[in-house]
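Asker: Turn these sequences into a full structure, and let the hints guide you.
Counting in the numbering used here, the sequence shown runs from 1 upward without gaps.
I should point out that these hints are in silico values taken from the structure, not numbers from a laboratory. Check each hint, because a few of them may be wrong.
[Claimed, not checked] As a list, the in silico SDA-like pairs of lysine to any residue whose alpha-carbon atoms are at most 20 Å apart: (1) Lys143 x Ile125; (2) Lys143 x Val130; (3) Lys134 x Ala45.
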Amino acid sequence: MSLKIPPPIIFLLHMFLVWLVARYLPEASFEIPAQRALVQVLGVAGASITILAMGLFRRAGTTVDPLKPERASKIVDTGIFRFTRNPMYLGLAFVLLAWIIWKGNALGIVFLITCLWYITKFQIIPEEKVLEEKFGNDYLAYKTRVRRWI
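Answerer: This is the structure in structure tokens:
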């Protein structure tokens, strides 16, 4: 796989860009009812989903290193992996969305979209190719049962 930037760094970079936009383009600011509560729910949900997914990988004895999908030793298809093939990225996306809402700048949604596009194109699709080669029909069957995101 050619990607050399760990996905958490990609999400942090996008969080920084959201911060910049919120700071320097306040004309796109917004406030919504229960903003703080929504941020807390999304942030806790996102972190929980990511941690839960990492725990399932560790329990299964397979790698959590997104830069080395060829080291995967098995397909994890239990728990949250029954509903999404990428819960770790989904959890990080929830955290990014929480950050956008916390910063209260509508332009932040652009960075959520670009982040998800980037992760899909340069991380998930190459990962899937590696896993298809490694696990063959078992992984292809998993892909037909479970959506990429949600």
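Asker: If a hint holds in the structure, say so; if it doesn't, say that too.
Answerer: Now the hints, each set against the structure:
1. Lys143 x Ile125: holds (12 Å)
2. Lys143 x Val130: Holds, at roughly 13 Å.
3. Lys134 x Ala45: violated (31 Å)
In terms of the numbered hints stated before, the structure departs from hint 3 and from no other.
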